[in-house]
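A.B. asks: Below, each chain spelled out in residue letters.
Protein chains: 2
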Amino acid sequence: MDAAAREAQAGLEWRVTVPEGASVTVEHEAGAVFRAWACLIAAMVTARSKVSGFAKRVWRIGADDPRKAAHGFKVGLALVLVSVFYYTRPLYDGVGGAAMWAIMTVVVVFEYTVGGSVYKCFNRAVATASAGVLALGVHWVADKSGELEPFILSGSLFLLAAAATFSRFIPTVKARFDYGVTIFILTYSLVAVSGYRVDELAALAQQRLSTIAIGIFMCLGVCVLICPVWSGQELHRLTVSNMKKLAGAIEGCVDVYFAEPATPAQAKSDGYKCVLNSKASEDAQANLARWEPAHGKFGFRHPYSHYAKIGAAMRGCAYCVEALNSCVVAEAQAPEHVKQLLREVCARVGAQCARVLREASRSVETMTSSRTLDFAVADMNTAVHELQGDMRSLPSMLAVKLSETSLMDMMPLFTVASLLVEISTRIEGVVDAVETLATLAEFKEASEDDDDKKRETTEMTKVHPLNEPDAEDASPENQAAKA
Amino acid sequence: MDAAAREAQAGLEWRVTVPEGASVTVEHEAGAVFRAWACLIAAMVTARSKVSGFAKRVWRIGADDPRKAAHGFKVGLALVLVSVFYYTRPLYDGVGGAAMWAIMTVVVVFEYTVGGSVYKCFNRAVATASAGVLALGVHWVADKSGELEPFILSGSLFLLAAAATFSRFIPTVKARFDYGVTIFILTYSLVAVSGYRVDELAALAQQRLSTIAIGIFMCLGVCVLICPVWSGQELHRLTVSNMKKLAGAIEGCVDVYFAEPATPAQAKSDGYKCVLNSKASEDAQANLARWEPAHGKFGFRHPYSHYAKIGAAMRGCAYCVEALNSCVVAEAQAPEHVKQLLREVCARVGAQCARVLREASRSVETMTSSRTLDFAVADMNTAVHELQGDMRSLPSMLAVKLSETSLMDMMPLFTVASLLVEISTRIEGVVDAVETLATLAEFKEASEDDDDKKRETTEMTKVHPLNEPDAEDASPENQAAKA
Numbered sequence: 001m002d003a004a005a006r007e008a009q010a011g012l013e014w015r016v017t018v019p020e021g022a023s024v025t026v027e028h029e030a031g032a033v034f035r036a037w038a039c040l041i042a043a044m045v046t047a048r049s050k051v052s053g054f055a056k057r058v059w060r061i062g063a064d065d066p067r068k069a070a071h072g073f074k075v076g077l078a079l080v081l082v083s084v085f086y087y088t089r090p091l092y093d094g095v096g097g098a099a100m101w102a103i104m105t106v107v108v109v110f111e112y113t114v115g116g117s118v119y120k121c122f123n124r125a126v127a128t129a130s131a132g133v134l135a136l137g138v139h140w141v142a143d144k145s146g147e148l149e150p151f152i153l154s155g156s157l158f159l160l161a162a163a164a165t166f167s168r169f170i171p172t173v174k175a176r177f178d179y180g181v182t183i184f185i186l187t188y189s190l191v192a193v194s195g196y197r198v199d200e201l202a203a204l205a206q207q208r209l210s211t212i213a214i215g216i217f218m219c220l221g222v223c224v225l226i227c228p229v230w231s232g233q234e235l236h237r238l239t240v241s242n243m244k245k246l247a248g249a250i251e252g253c254v255d256v257y258f259a260e261p262a263t264p265a266q267a268k269s270d271g272y273k274c275v276l277n278s279k280a281s282e283d284a285q286a287n288l289a290r291w292e293p294a295h296g297k298f299g300f301r302h303p304y305s306h307y308a309k310i311g312a313a314m315r316g317c318a319y320c321v322e323a324l325n326s327c328v329v330a331e332a333q334a335p336e337h338v339k340q341l342l343r344e345v346c347a348r349v350g351a352q353c354a355r356v357l358r359e360a361s362r363s364v365e366t367m368t369s370s371r372t373l374d375f376a377v378a379d380m381n382t383a384v385h386e387l388q389g390d391m392r393s394l395p396s397m398l399a400v401k402l403s404e405t406s407l408m409d410m411m412p413l414f415t416v417a418s419l420l421v422e423i424s425t426r427i428e429g430v431v432d433a434v435e436t437l438a439t440l441a442e443f444k445e446a447s448e449d450d451d452d453k454k455r456e457t458t459e460m461t462k463v464h465p466l467n468e469p470d471a472e473d474a475s476p477e478n479q480a481a482k483a
Numbered sequence: 001m002d003a004a005a006r007e008a009q010a011g012l013e014w015r016v017t018v019p020e021g022a023s024v025t026v027e028h029e030a031g032a033v034f035r036a037w038a039c040l041i042a043a044m045v046t047a048r049s050k051v052s053g054f055a056k057r058v059w060r061i062g063a064d065d066p067r068k069a070a071h072g073f074k075v076g077l078a079l080v081l082v083s084v085f086y087y088t089r090p091l092y093d094g095v096g097g098a099a100m101w102a103i104m105t106v107v108v109v110f111e112y113t114v115g116g117s118v119y120k121c122f123n124r125a126v127a128t129a130s131a132g133v134l135a136l137g138v139h140w141v142a143d144k145s146g147e148l149e150p151f152i153l154s155g156s157l158f159l160l161a162a163a164a165t166f167s168r169f170i171p172t173v174k175a176r177f178d179y180g181v182t183i184f185i186l187t188y189s190l191v192a193v194s195g196y197r198v199d200e201l202a203a204l205a206q207q208r209l210s211t212i213a214i215g216i217f218m219c220l221g222v223c224v225l226i227c228p229v230w231s232g233q234e235l236h237r238l239t240v241s242n243m244k245k246l247a248g249a250i251e252g253c254v255d256v257y258f259a260e261p262a263t264p265a266q267a268k269s270d271g272y273k274c275v276l277n278s279k280a281s282e283d284a285q286a287n288l289a290r291w292e293p294a295h296g297k298f299g300f301r302h303p304y305s306h307y308a309k310i311g312a313a314m315r316g317c318a319y320c321v322e323a324l325n326s327c328v329v330a331e332a333q334a335p336e337h338v339k340q341l342l343r344e345v346c347a348r349v350g351a352q353c354a355r356v357l358r359e360a361s362r363s364v365e366t367m368t369s370s371r372t373l374d375f376a377v378a379d380m381n382t383a384v385h386e387l388q389g390d391m392r393s394l395p396s397m398l399a400v401k402l403s404e405t406s407l408m409d410m411m412p413l414f415t416v417a418s419l420l421v422e423i424s425t426r427i428e429g430v431v432d433a434v435e436t437l438a439t440l441a442e443f444k445e446a447s448e449d450d451d452d453k454k455r456e457t458t459e460m461t462k463v464h465p466l467n468e469p470d471a472e473d474a475s476p477e478n479q480a481a482k483a
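Keeping their order, the protein sequence lines are chains A and B. Note that full-length UniProt numbering numbers the first sequence so that position 127 is 127, with each residue one more than the last. Note that full-length UniProt numbering numbers the second sequence so that position 159 is 159, with each residue one more than the last.
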């Protein structure tokens with residue numbers, strides 16, 4: 001094959017019969033154009049697949065929880081309502097006027113949950129009012145002091161801003177009044193540096209407060225009346241779904257450990273990871289839930305802060321499940337015939353642990369104090385005692401039956417069994433926390449019939465996708481890496 | 001003793017010789033006054049002790065980390081600078097004018113860390129500019145369309161606000177542009193509902209942008225030039241201090257387990273709790289650190305996101321330490337004479353594990369790739385092999401020496417030993433993550449001399465209090481309950 005034929009076959013370059021230099025140039029140009037074209041197409045294909053992948057992920061966010069899409073429309077609606085309200089009123093006079101403060105209030109204050117919106121509304125109203133009054137007072141004093149006026153105003157601004165900013169590091173202030181501190185500093189500085197006289201200022205402050213009030217009422221109205229999302233309910237659901245996931249994880253781990261070697265992936269047993277990582281969202285929801293009025297089954301003083309204790313107990317349990325899971329996937333395993341000896345009793349303990357957690361989650365979910373919970377705990381303890389008995393008699397059983405098994409082979413199995421015992425102890429901690437919640441929140445006593453009926457219902461219904469708000473947190477350890 | 005004497009002794013009531021009814025009234029009144037007085041004094045004492053307790057706690061926040069107090073003064077300074085700047089300029093014309101936007105920018109944008117401030121400044125500037133341009137375009141179109149104007153404006157406001165609000169649920173947008181989305185909606189709605197004509201609006205937008213720019217420059221200037229707090233450094237310190245705490249916790253657990261029964265409290269071994277609970281702050285700092293320019297040893301593209309992986313590896317280790325700790329405090333313990341058999345080798349494993357973690361933390365702290373780290377890992381593995389060998393030979397040793405010991409007694413000890421083996425495996429995961437960081441961040445090679453010197457320095461210097469920003473997180477499981 002000669003050079004020309006080879007080139008023709010490659011089809012990448014054109015040869016023109018002109019002097020050497022020119023030919024080379026054309027080749028390069030043609031090659032460059034072709035390469036640029038190829039790059040462009042490749043980039044477009046990549047971009048298209050990226051865009052469609054991104055679009056799918058965004059669509060999934062909205063499809064998994066339609067309330068998130070609804071939230072977007074609620075914000076749009078509240079803004080349009082406020083702007084229409086001001087279109088039709090004479091006090092509207094452009095961006096600098098009163099309309100601005102109403103719109104600003106809606107944009108800044110409207111949050112996903114009712115608790116979040118109430119928290120911001122309350123903080124904004126109280127901080128604006130208190131800073132306004134304080135600034136008016138200081139302004140009045142500065143007015144009377146003549147030459148010292150700029151120094152008094154600047155000095156007070158400096159000191160108040162410094163003190164208020166520092167106060168945000170106090171945990172209680174941070175948790176409840178963080179936004180209010182910002183608004184306090186903002187309002188105080190705006191009034192303090194303004195060139196208005198005190199009587200003008202008073203009229204201005206009154207007008208501003210009324211405008212902010214309109215914004216707050218519109219915002220709260222839309223937030224509460226159209227598909228409200230309650231922080232308290234979210235916290236409640238998160239706790240219930242985490243408890244179910246933990247139950248599934250314990251069962252899953254035990255199943256996988258004692259199953260034949262070629263078991264499928266352990267999707268179910270990964271549920272404990274959600275429990276490990278939900279502390280931040282639990283704390284945030286509990287923080288916002290305290291601002292919410294009574295709604296549905298949740299009274300005015302529902303003990304939201306106690307959910308954190310249930311969460312802590314569940315995390316204590318999840319740490320052990322994590323250790324159990326690492327035993328399940330470890331390389332060093334007890335021989336199959338040794339495992340078989342404890343298989344049945346371990347499976348029973350796992351199933352009883354899961355049953356207790358499911359009973360507890362049902363009690364929280366339905367807000368009734370379960371009669372069967374205590375029986376389930378007793379059954380679990382019986383199973384644990386059996387397991388401990390079997391562990392005690394195992395060496396002698398093995399010595400009689402299978403003299404070739406060394407003690408070292410049994411170690412991994414013993415570790416698994418000890419972890420199961422520890423998990424059952426920690427589940428009792430979860431049950432204690434749930435029972436305290438039942439007392440604090442005055443759960444109703446369930447009748448025997450109800451109990452049976454509800455058990456059937458609970459077993460029949462699947463977990464609703466809305467009950468798993470942090471499904472995307474399943475492997476959050478990797479999220480930061482992805483981002 | 002007669003009634004009068006008894007009353008005199010009690011000293012609580014006065015008897016006046018008047019008719020029955022009156023006497024009773026005086027007695028009641030005197031009792032009520034006395035009780036009210038007692039209540040008042042009690043309340044004042046309680047209030048005083050509460051206030052002084054609160055004041056002490058607040059003082060401690062500032063004393064533990066003076067940078068927090070400095071932050072307050074920095075905010076005050078920036079505000080005074082901006083207000084003084086505007087006092088001296090003719091364009092100042094009251095609250096509605098340009099000064100307002102500069103002040104608002106400073107108040108809202110000034111954050112504790114440089115990364116936080118840059119994040120907000122960037123978001124504010126880009127969102128204001130893009131929303132302004134978009135709104136001007138829509139305004140122009142609406143202007144031309146005659147009667148349809150209010151519908152075009154309201155419709156676009158509704159759609160854009162809904163879409164922008166929904167976009168906040170996308171994790172990437174939430175992490176990097178959350179604040180920008182708020183400002184985008186705010187600016188767009190302010191411009192869209194304004195009654196100005198387009199040419200007026202353009203002038204207004206230009207003035208506003210320049211004012212915001214002044215606010216941003218003042219804010220960034222004060223934030224970076226006066227005692228800057230870098231998110232990247234905070235993340236780095238948090239990782240280093242967590243690694244040291246984990247090392248201390250492993251040593252502490254082993255020490256307490258094998259010590260004589262009457263050991264003091266386990267303050268040292270509680271360090272792992274900080275590691276368990278620092279995920280949220282690690283993620284937040286890594287998120288902000290990406291906005292920071294190069295500073296000190298941290299280059300422009302320092303792999304901050306990789307710290308999350310080190311954190312995840314450390315948490316994996318901390319879960320096991322938690323399980324180990326529960327074995328330490330458990331009621332069921334192996335008999336002392338059985339413990340003694342593994343005491344030395346377990347202590348060695350614990351010490352070697354701690355040594356590896358300390359070497360790794362030193363490598364991260366000094367940003368040099370440690371030569372001795374690999375040796376430390378090898379030593380740890382040797383110790384682990386010894387432990388496994390001893391575990392294997394333990395039953396025969398016991399059978400020879402102490403025939404009265406049942407196998408069941410040994411179980412708790414075996415669980416502890418297995419957990420130590422698992423911990424050493426997970427520490428290798430931490431070391432791998434640290435070595436990947438060393439490659440990504442191009443840690444310098446330490447010379448042999450440096451190594452020796454630095455080891456001495458590290459051993460001599462105590463951990464600076466600033467290195468433990470989350471010391472108050474030590475038992476965060478209880479915080480929600482306290483709040």
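Think of the hints as simulated: they come from the structure by calculation, not from any bench. A few of these clues could be false.
A pair counts as met if it fits within one copy or between any two copies, since identical chains are not told apart.
Below, simulated DSS-like cross-link-like pairs (lysine-lysine); rule was C-alpha separation at most 30 Å, straight line [stated by the list, open to error]:
no., residue 1, residue 2
1, 144, 339
2, 174, 50
3, 339, 56
4, 339, 297
5, 68, 174
6, 56, 174
7, 68, 50
8, 56, 144
9, 174, 339
10, 68, 279
11, 339, 68
12, 68, 144
13, 273, 174
14, 50, 297
15, 444, 56
16, 279, 339
17, 297, 144
18, 273, 339
19, 279, 174
A.B. asks: Determine for every hint whether it applies to the structure shown.
C.D. replies: Here is how each hint holds up against the structure:
Taking the shortest alpha-carbon separations for residue 144 and residue 339, neither the intra-copy value of 89 Å nor the inter-copy value of 81 Å comes in at or below 30 Å. Proximity of residue 174 and residue 50 under a CA criterion of 30 Å is satisfied inter-copy only: 19 Å between copies versus 40 Å inside one chain copy. When the C-alpha separation of residue 339 and residue 56 is checked against a cutoff of 30 Å, the pair qualifies neither within a copy, at 45 Å, nor between copies, at 58 Å. Taking the shortest alpha-carbon separations for residue 339 and residue 297, neither the intra-copy value of 47 Å nor the inter-copy value of 53 Å comes in at or below 30 Å.
For the homomeric pair residue 68 and residue 174, the shortest alpha-carbon distances inside one copy (26 Å) and between copies (13 Å) are both at most 30 Å. Taking the shortest alpha-carbon separations for residue 56 and residue 174, only the inter-copy value of 17 Å comes in at or below 30 Å, while the best intra-copy value is 37 Å. Only within a single protomer do residue 68 and residue 50 lie at most 30 Å apart by alpha-carbon distance; the minimum there is 23 Å, versus 43 Å between protomers. For a Cα distance limit of 30 Å, the shortest separation of residue 56 from residue 144 qualifies neither inside one copy, at 65 Å, nor across copies, at 37 Å.
For the homomeric pair residue 174 and residue 339, neither the shortest alpha-carbon distance inside one copy (52 Å) nor that between copies (48 Å) is at most 30 Å. Taking the closest pair of Cα atoms, residue 68 and residue 279 come within 30 Å of each other both inside a single copy (22 Å) and across two copies (25 Å). In this assembly of identical chains, residue 339 and residue 68 lie within 30 Å of each other by CA distance neither inside one copy nor across copies; the values are 48 Å within and 57 Å between. For a Cα distance limit of 30 Å, the shortest separation of residue 68 from residue 144 qualifies neither inside one copy, at 54 Å, nor across copies, at 35 Å.
Taking the closest pair of Cα atoms, residue 273 and residue 174 come within 30 Å of each other both inside a single copy (28 Å) and across two copies (22 Å). In the homo-oligomer, the alpha carbons of residue 50 and residue 297 never lie at most 30 Å apart, since the shortest distance is 45 Å inside one protomer and 35 Å across protomers. In this assembly of identical chains, the alpha carbons of residue 444 and residue 56 never lie at most 30 Å apart, being 44 Å within a copy and 43 Å across copies at closest. Proximity of residue 279 to residue 339 under the C-alpha cut-off of 30 Å is found in neither arrangement, the shortest distances being 35 Å within a copy and 37 Å between copies.
For a Cα distance limit of 30 Å, the shortest separation of residue 297 from residue 144 qualifies neither inside one copy, at 56 Å, nor across copies, at 54 Å. Only within a single protomer do residue 273 and residue 339 lie at most 30 Å apart by alpha-carbon distance; the minimum there is 26 Å, versus 34 Å between protomers. Within a single copy, residue 279 and residue 174 get their C-alpha atoms as close as 17 Å, and across copies as close as 19 Å, so both meet the 30 Å cut-off.
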